[in-house]
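Chains as they are written, first to last, in our numbering: chain G, 656 to 1133; chain R, 656 to 1133; chain U, 656 to 1133; chain A, 656 to 1133.
Just so you know, not all the hints are guaranteed correct.
[Unchecked claim] One side only, chain U facing chain A, incomplete, derived with CB under 7 Å:
id	residue
1	G671
2	T673
3	Q788
4	Y790
5	H792
6	S886
7	G970
8	L972
9	G1045
Don't read these hints as lab results, they were simulated from the structure. For each residue, glycine too, the CB sits at the ideal point set by N, CA and C.
Number of protein chains: 4
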Amino acid sequence: MPLMTVDQYKASLRDGRTVYYRGTQVEDVTTHPVIGVAVDHAAIDYRMAHDPKEHALAVVTGPSGSHSRYYHMPRTADDLLQRSALIERATMLGGTLVVLVKEIGSDALFALHVIAAHLDRTKGTGYLPRVEQFYRHCRDNDLAVAVAQTDVKGDRSKGPSQQAHPDYYVHIVSEDSEGVTIRGAKVHTSVSTNAHEIIVLPTRQMGRADEAYAVACAVPANAPGLTMIASTYGGRTGSVFEHPISARHKMMETLTVFDDVKVPWDRVFLKGEVEMAGPLAKTFVEFHRFTAVSYKLPLVDLFVGAGHLMAEYNGILGAHHVRDKLARLISYAQICRGMTREAARECKLLDGIAVPNAELINIAKLYFATHYHQAIAWVQDIAGGLLVTGPGPEDLADPRLGAIVRKYLGAAPVATAEDRLRLINLIADVTTTDFGGYQAVLAVHAEGSIEAEKMTIWREHDVTRHVEYAKWLAGIGS
Amino acid sequence: MPLMTVDQYKASLRDGRTVYYRGTQVEDVTTHPVIGVAVDHAAIDYRMAHDPKEHALAVVTGPSGSHSRYYHMPRTADDLLQRSALIERATMLGGTLVVLVKEIGSDALFALHVIAAHLDRTKGTGYLPRVEQFYRHCRDNDLAVAVAQTDVKGDRSKGPSQQAHPDYYVHIVSEDSEGVTIRGAKVHTSVSTNAHEIIVLPTRQMGRADEAYAVACAVPANAPGLTMIASTYGGRTGSVFEHPISARHKMMETLTVFDDVKVPWDRVFLKGEVEMAGPLAKTFVEFHRFTAVSYKLPLVDLFVGAGHLMAEYNGILGAHHVRDKLARLISYAQICRGMTREAARECKLLDGIAVPNAELINIAKLYFATHYHQAIAWVQDIAGGLLVTGPGPEDLADPRLGAIVRKYLGAAPVATAEDRLRLINLIADVTTTDFGGYQAVLAVHAEGSIEAEKMTIWREHDVTRHVEYAKWLAGIGS
Amino acid sequence: MPLMTVDQYKASLRDGRTVYYRGTQVEDVTTHPVIGVAVDHAAIDYRMAHDPKEHALAVVTGPSGSHSRYYHMPRTADDLLQRSALIERATMLGGTLVVLVKEIGSDALFALHVIAAHLDRTKGTGYLPRVEQFYRHCRDNDLAVAVAQTDVKGDRSKGPSQQAHPDYYVHIVSEDSEGVTIRGAKVHTSVSTNAHEIIVLPTRQMGRADEAYAVACAVPANAPGLTMIASTYGGRTGSVFEHPISARHKMMETLTVFDDVKVPWDRVFLKGEVEMAGPLAKTFVEFHRFTAVSYKLPLVDLFVGAGHLMAEYNGILGAHHVRDKLARLISYAQICRGMTREAARECKLLDGIAVPNAELINIAKLYFATHYHQAIAWVQDIAGGLLVTGPGPEDLADPRLGAIVRKYLGAAPVATAEDRLRLINLIADVTTTDFGGYQAVLAVHAEGSIEAEKMTIWREHDVTRHVEYAKWLAGIGS
Amino acid sequence: MPLMTVDQYKASLRDGRTVYYRGTQVEDVTTHPVIGVAVDHAAIDYRMAHDPKEHALAVVTGPSGSHSRYYHMPRTADDLLQRSALIERATMLGGTLVVLVKEIGSDALFALHVIAAHLDRTKGTGYLPRVEQFYRHCRDNDLAVAVAQTDVKGDRSKGPSQQAHPDYYVHIVSEDSEGVTIRGAKVHTSVSTNAHEIIVLPTRQMGRADEAYAVACAVPANAPGLTMIASTYGGRTGSVFEHPISARHKMMETLTVFDDVKVPWDRVFLKGEVEMAGPLAKTFVEFHRFTAVSYKLPLVDLFVGAGHLMAEYNGILGAHHVRDKLARLISYAQICRGMTREAARECKLLDGIAVPNAELINIAKLYFATHYHQAIAWVQDIAGGLLVTGPGPEDLADPRLGAIVRKYLGAAPVATAEDRLRLINLIADVTTTDFGGYQAVLAVHAEGSIEAEKMTIWREHDVTRHVEYAKWLAGIGS
């Protein structure tokens, strides 16, 4: 099957899925005033494949025909660098917002390959053929795939089987000759409203008693029993002038409820192997953190570009403190970029799959996440108070008011009042509005928390060489 | 005249003022869907005066009768501490948003007293009686007063009289026996849509050639020739459940255009004394930064309270990293508070007026401003991704969806799903939404920029004692 | 007995105490080339009492005659402010190094008063009269008093009675009609080599089984069985030109070994009341952290003064980045000072004793400690590489070399080469040499660790008011 | 000529050079108690070439025979990576202290190649053959080469020819048929006491009037008229137990005085081409900053290794805050390493020479420099107060005291008291002693200042792409 067009993609989403927005069931996600924006945004990945300028990056042609590069299994550091470049490019077109409908699903599929191969080899299970079959299904049909991982968790100090209610983690409630039935709910499921498939992954390490919770599988977005309650956050409708990014780009999260959803055996990728729940969660997350830092690059580059241009428009590009802040923003962007590349170059091969270096990608992600708010502060500092006190497009459109605004806000010689307001609105959209807040929370929480990143760095780093050096210098044990 | 009631205050705003919102003239600011929220918010200052619980703090009774404490001229450190406490209290009731309709005006009036007294004494001008008369007018009629200070500035590397257009700074275009006529525009004018009077102040130091620009005066909000173009930023209408603060509280800024506004002589407080334009701007700003740090206290306290409660709701209050972040948030709040008090206690008396210690209040403000974004990051870290991925009130209201949400998001034993979502929405409102962005930009820019604060600290600090100590220790000059 | 003179103080230290330095027993600490510097430094406290310029601050005259202000029991916030001023002044004279011979002992005595009063009242013990008697002994004889608190601890994850060896915490090994006998060792005991008395305090909370370890008492510095092994760190002898501070000022720490030291009953202040071991440790530490931040003020002031003067000498005072760094150094110093004052003003009365506000003093200390290394970096940045590459005094003294050095390093018009090198050596001494490192480690570790400070802030802060505010704003429970 | 042995290297330094230390002329630098340590340290570069384990990294065999890899002209990114690896390795063997006797000289030679090629091509000068000849001289004779760059500068706000005295920058005072004569002094000249050759480079951009100051050349260390006044900083003699690094490793700086030193024409590489003074200074510095970050890696790795081992010895490796600090130290080290590699990989070819990417190497260096003091604070935090309060080796050697120290400080089961003290002394040596201070000042100042790094980043970064992206998103110019 060929690569889907945008129209084919949209048509394919009218499949009877159960999506609610503000208490009301959504008949057609593609035409919904809020979710429709998310669909249009997701369509970028499909548009790119058919755009001659993007084709070389977006599409891979191999023995099994052409398919999206997202589904290209990484075998080398260069594959990872190309994947990173594609994610960065799509996110640029997405106005700093990751598209994600193929990124996250392929991250999960790669991780499932690694874990299934390990399990089949060490425990004689037969997961790998299932994973490969489902992988080909997604790849060859050019599907959009979401990943439902974070359970609602109940009391976080307790494990899945110790909770007051058995449903606080998604679990298998029964099985028969056809497959298993799962129940529970996942939060923060991104792009699920406009994905074709939803991969279910465990969210944490598990213990002996958690067998029913050690489950990975895939369900179609329109599976019976599957209900998605879309988030109301940031469901803004407004003009492109005022909200140049968020009026056109959106990612939609759902509370994803599995109310006894049946999953056939060939879509079950982990069932009861509690010792691999943690490694599967972790392997997915490392791939996904590599995706994450790749998709952050347009955002941090924008800080540099918008900060520089705003300084020009404000007539303060010569001020020492402005150059100081811009130099720091440049450093911020370049360290994010450099460490992402380094994580690709220092990848590890597991069962023939190139896995980004876990330590380095967490260092990149941690660096990004822990400096993000300061970066915003610098951009806001350069931009000025007009970020939140400026007039609107209707004022510009009015003859008398428009003349006033043009006279007084178009004072700097390098920019018209209109361009200046456009730039201010762009910076506001990315740093002060609901959308800016969404980006900030993503920086802190998406793809795992800051604390998780630090603990991964701590565990992954091989300290032996450094400890030996310290001992040698100190004269210990010599 | 007695202290105005809320109804009297609202009625008094229907005075024919010229306000535009999104290109349309506003007939009645008190009933406008967006500006009306700002009016209701401003009314807090009037409500407090009539609330028996707040009366002692809000009202001062002296020889000239009862009046709002905001208009109480500070004579001692204790007066400043009381003023700070009133600002803090009103801001608490304002949901972390300063009320400002009397705060900022009185800051300007105190500064005008200081500068007028100095000018009259040193140059034989007659400004002080005018200032005193206008001050009594505001105080005795219990007026709401805005301050228009920041000019649009044109090319920032040039002074007022060097600009390509003469109107880039507000200036006197003519004068006659009755008074002066001013032209120009000010940006970022807060609470002007719902103030009675607007005090015009210079925004910077001026040189010999800037005589026409060295002007301070007061005009009624409905003065002929005065047009206010209200900012469209954050003009949200939404439910209190989703936006517990911003659905009820708002501050409104305008582009304030003086299109040949006549000002009678008894309202002119500076005219051509270019050497005092800078000192007047600075004296106002020091009073206003004291107001600023006072009104930041409920916000930083909320970070502590909401962070703590959210950690409880999320079941992570025992985590070391959470306690670490809460301890840092507590420190942040307490240093803001402690240094504000210290600035009051170390005030200086100028012509009998207690002026907050300029060095210390700038240190307090700089500390607040340069740590604000990190504080937000910590609060968001504790709160979790649900800040931007949660369901809405309509989902809770729906019987089937409501049951799902309650089951899955009400898992933690200490809070219902509804309360948890309320708290999440509160934290989102103050850190991630348009309103949160407004607060962040205020942190960086309101009452002067970070760079201005640093340069004031540098200039105000008497380094002599420290240099002498260094010399003594080094053995220099001994 | 009158206040001791410096000579009397020195003579009193020739008392047969057992002190070792580099493996050799020290016959006379006052004449030892390294420890003698510490004795001279300690003498500052005695010299001040007899210096007419310092007398008013250093000496209190009350109904029981004149005595050192260090021993003045604080009853009010003002007492604490005066105590802070005295500590600051003595440390100034001590070249940024705290004198400590009366500071730390009185901190312990105040804490012993509080705990003894509580124990006598609640458990019927008779400790307070003993504490009062010992307090009068110290005060009326004008004694230097050290505090031995930190045990060697063995395995830190275990309590005193759970250690592999019973002596890893100081404990009572026997008792008889005359008193108790203690054994064990304390580390980091400051000024013990030149104190008259050593107060022993518990270092942590204790459990039921730790009765023998819950001991507080006092022993003379020459007590039989008491051995002090002096630290070799920083035992430099050098010229005042090269090391303007450390050639004249030193604090000496010992490993303090109690090898069955007998303590008479009237010097035993805690014995077996395990539940008060923690509170006693904590109460001492809060007094001592107040001392700590008081004695840090000359150091942080010096950063401002030396940084400013160095910028002048280097001809870079006009550079924006230099002013930026100086403004931050000023803020650093003033926040330390302001929060110390605030902790005094917000003190709590316990049994009539004014205890510095524990939350606020920990905030002050944490702020100081966590910004110290950055402050050093700024000062070094301003000072330049000559800090570690400059010539020595012998080069200046040589006719030919001296001429070269004067020609080439005396280039800036505001300072001679000699003064410039003096200032560089001062900054080096306080930021780069052994002494600078000593100050840095003190910043991090003395008077309790950074983590301990954060946890105290977390525990001491009453979060109720803030949580209630969050609930009210969120509409929870209303 | 073969690669020199250590003995040959030392013998070659007895060449009649004029070196002073503390006012006294040094007869033989190799046997001087302080400078001799620097000679031994420098010998590492010679020892490595003859060590079979290091040979492959240290020596390159090409058409012109074997020579030190330091002198291998980088042609590819891989050459730079190998060079970086060699510098890192030598510095490891140097106990975190760079060896530098070939590193810095080759940095200068590479820069001279680039600039000479450019000048000869664009202005028809004949510098390149001279540079190539001198380069072969250094390479083929395996010489140690210092670089004298930083002038004493006088009044920093003025250029070389505007100074009060003509000698504040090194300049040509006369020329004849044989060559030029130079006068002036350079500060901070590292390894000059034990180098064979000293390359003189300009330190800044120059203007039209500065012709005499635009000079680059090379002089032998024993040239008549050349006087070196060695720095007295950190000239410690002590035991390896107490100072495991600084007792064995030292770098020596001099005030390097050119008192009419004659330089033959074939050693003159720039003379009067004022427009290339700045580019030559800059090109050298970019190579040298690449050397710098390469040689910082053992130091930052040591922080990780020593911090980890110390946490183990102290029994606190399980504490959350310790793991947090170690994770941050790991991130610090790995970002330094990753960005250094990225700067090599993104190198630019100039006249066939691979020049490290200027923007990226400055980002690496800035990141290293601005986080160094915090890293030290974390290591000190983990290590504890014993860094500055512990006993000495003589105490351990004494039977009675040694038993006490072993009993009380050897409490943790994983380490003896002796090993624990060895590790503490190592951490003290690198963070708190004169040597630690030397490292800290190097972090801030060596190879250019923090401000210079920021301004280079600002200038080198091509902002066009980011500005275009901002415009495209904002809808500006579309």
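Comparing the hints with the structure gives:
1. Checking U/G671 against chain A: minimum C-beta separation of about 18 Å lies over 7 Å; hint violated.
2. Here the hint on U/T673 is broken, as its CB sits about 11 Å from the closest CB of chain A, past 7 Å.
3. Because the smallest distance between the Cβ of U/Q788 and any Cβ of chain A comes to about 32 Å, over 7 Å, the interface hint for this residue is violated.
4. For U/Y790, the suggested interface contact is broken, since its CB lies about 28 Å from the closest CB of chain A, more than 7 Å.
5. At a threshold of 7 Å, the smallest CB-CB gap from U/H792 to chain A is about 28 Å, leaving the interface hint violated.
6. Hint status for U/S886: holds, given a least beta-carbon distance of 5 Å to chain A, under 7 Å.
7. Interface restraint check: U/G970 against chain A, minimum CB-CB distance 4 Å, threshold 7 Å, status holds.
8. Taking 7 Å as the C-beta contact cut-off toward chain A, the hint placing U/L972 at the interface is violated, the least distance being around 10 Å.
9. Given hint, U/G1045 at the interface with chain A, holds; its Cβ is 6 Å from that chain's nearest Cβ, closer than 7 Å.
Hints 1, 2, 3, 4, 5, 8 from the list above are not met by this structure, while the remaining hints are.
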